[in-house]
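2 protein chains.
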Amino acid sequence: MDVTNKLNSLVARVETGLDQHVPAADTRPARLHAAMRYSLEAGGKRLRPALLLSAAELGGLDGDEALPAAVAIECLHTYSLIHDDLPCMDNDDLRRGRPTVHKAYDEATALLAGDALLTHAFALLAEAYADRPALAHGLIRELAATAGSRRLIGGQMADLEGEAKGDATPEELEFIHLNKTAAMIETALVMGGLVAGFDVGQLDRLRTAGRHLGLAFQIVDDVLDVTSDTATMGKTVGKDEATEKTTYVRIHGLDASRRFITEQTDAAVAAFSALPGDSTFLQTLARNMASRAA
Amino acid sequence: MDVTNKLNSLVARVETGLDQHVPAADTRPARLHAAMRYSLEAGGKRLRPALLLSAAELGGLDGDEALPAAVAIECLHTYSLIHDDLPCMDNDDLRRGRPTVHKAYDEATALLAGDALLTHAFALLAEAYADRPALAHGLIRELAATAGSRRLIGGQMADLEGEAKGDATPEELEFIHLNKTAAMIETALVMGGLVAGFDVGQLDRLRTAGRHLGLAFQIVDDVLDVTSDTATMGKTVGKDEATEKTTYVRIHGLDASRRFITEQTDAAVAAFSALPGDSTFLQTLARNMASRAA
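Residue numbers (the numbering used here), protein chains in the order written: chain A, 1 to 294; chain B, 1 to 294.
One chain only, chain A, in its complex shape:
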């Protein structure tokens, strides 16, 4: 299977969906909507929406039924990046090789653009699936639980507290990785499964796959922060070391980190294999991701 072609084709669908399902840049107030579009158009990896569409395809959906859900999860992810980059948080000037939103616009606009993308994720799900209210409800319930104070935002808060403290324990680090990173990967896959009408057992398997994939993804990122450079990554790297941030690599070392990535990737692949449909793409995507840190 040509994974690159497949991924490119999924990403192209996501880009089209973003253009269709997010208000135009000249919508009043124009500065706010332009900032929302600026942040979405930075051209990230689109990992979460691509996973969502792939999970829906396992259930036989390859039309546009899952596209609004994919756009919603990318809006939610992008809001979290905008707010994470703010001066009172990570204070990052560069994201995906471009000025962050508060640098390109200003702090207030970045704050509101993030708020608006978070809100739009729920509005879009409610509107696009209005003729299937039970599905709309299920998608919103899943996304809101994962994006909330116990998971995504809780993970970000714990991450900030760990930085302030300077010596997060392995257990605290796991809390952060499970909630700040893995949570949205799980939910991307589960939302795809919900649109495709998967049963509870299948949804559980998608969630398991997402947890392992998300943990692998986080440690790959930590490894690359040590072994890569800013030009390749399109964002500031070496930052964990410079800020003496506690990472998996710092606690366990590079070798153990690479072993952990392999274990988690194997577990994700096993969970994908136990699902109906042809999961070759998802399995290969997981393997390729892991190989970046090898």
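Careful: at least some of the hints might be erroneous.
Quick list of simulated restraints, FRET-style, between CB atoms [unchecked claim]: (1) B/T27 to A/A134: 38 to 44 Å; (2) B/D93 to A/N5: 51 to 57 Å; (3) A/R287 to B/R132: 39 to 45 Å; (4) B/R259 to A/K45: 53 to 59 Å; (5) B/G166 to A/E174: 49 to 55 Å; (6) A/T262 to B/A130: 27 to 33 Å; (7) B/R96 to A/S9: 33 to 39 Å; (8) B/D199 to A/N288: 53 to 59 Å; (9) A/I251 to B/A134: 44 to 50 Å; (10) A/A104 to B/V226: 34 to 40 Å; (11) B/D199 to A/N5: 51 to 57 Å; (12) A/G166 to B/D199: 27 to 33 Å; (13) A/D26 to B/P170: 18 to 24 Å.
Think of the hints as simulated: they come from the structure by calculation, not from any bench.
This one's a predicted model, so the numbers in the text were calculated from it and none came from an experiment.
Built from N, CA and C at the ideal position, the CB exists for glycine as well.
Using the hints provided, position chain B relative to the given structure of chain A.
Just chain B now, kept in the frame of chain A:
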């Protein structure tokens, strides 16, 4: 009718609901949840949730069916206050007579507590009405549309741009008032009507009443900013004048502002009167609110 007793009893129900339907302060991460509770427990007027419960009562609901929706709208309102108070926005140190969240905690915690309350509003609606997915969907659709970039956040953005420009036009000011203030008052009433099962025509009447009530409420606030003092209001007043902010009072003068309040209040009362059930409380509440600026 004893409006004060009735309002106190509604507010007491809202306080109980907030305690029941928001995660405990020691939920992990504790600092985040403590900040969320700190902001909610500041004891505001609870106007929006009280209106929501009152609208539901017009439809015969006086149990707790509407309480989660009332808590959700207060969470959403409180998020907007936390973010509005941040240094990059209005930079307010005082809210309801207490330090604002970023003063009592820190900016990052305030940002995340706001994000978490916004997200919790949708999570709560999805959970609490899970056995009535069509109702959950309707409530979320209404709230998300109103809280989004075209209305609540759009109004806030336009307000900031007006302040930067220093000379908002009457039309720009109306956009701000309709979206920053009236939108959530409309939606509070409409959500109460949705829980009570009102038909489309009745929901429209609730929306109309909310728009007029919201506009009156905003101009009352502007008038009080000129005529009241900080101790009485529990927040910084005279701020509009000090910052040379364009307000309805500044453009049209105090007399025209008071006439406008009376007109809008009359229109709200008329819309309430055209609804089923005994709307005496809502009518009297509107009149009393207007009388504060008389």
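Checked hints:
1. B/T27 to A/A134: 38 to 44 Å: Violated, since B/T27 and A/A134 (Cβ atoms, about 29 Å apart) do not stay within the stated range.
2. B/D93 to A/N5: 51 to 57 Å: Given about 56 Å between the Cβ atoms, the range holds.
3. A/R287 to B/R132: 39 to 45 Å: holds, 44 Å
4. B/R259 to A/K45: 53 to 59 Å: holds, 57 Å
5. B/G166 to A/E174: 49 to 55 Å: Holds, since B/G166 and A/E174 (Cβ atoms, about 51 Å apart) stay within the stated range.
6. A/T262 to B/A130: 27 to 33 Å: violated, 39 Å
7. B/R96 to A/S9: 33 to 39 Å: violated, 53 Å
8. B/D199 to A/N288: 53 to 59 Å: For B/D199 and A/N288 the Cβ distance comes to about 55 Å; the hint holds.
9. A/I251 to B/A134: 44 to 50 Å: Because 49 Å falls inside the window, the suggested range holds.
10. A/A104 to B/V226: 34 to 40 Å: For B/V226 against A/A104, whose Cβ atoms are near 38 Å apart, the range 34 to 40 Å holds.
11. B/D199 to A/N5: 51 to 57 Å: holds, 52 Å
12. A/G166 to B/D199: 27 to 33 Å: Between A/G166 and B/D199, where Cβ atoms are some 59 Å apart, the hint is violated.
13. A/D26 to B/P170: 18 to 24 Å: holds, 23 Å
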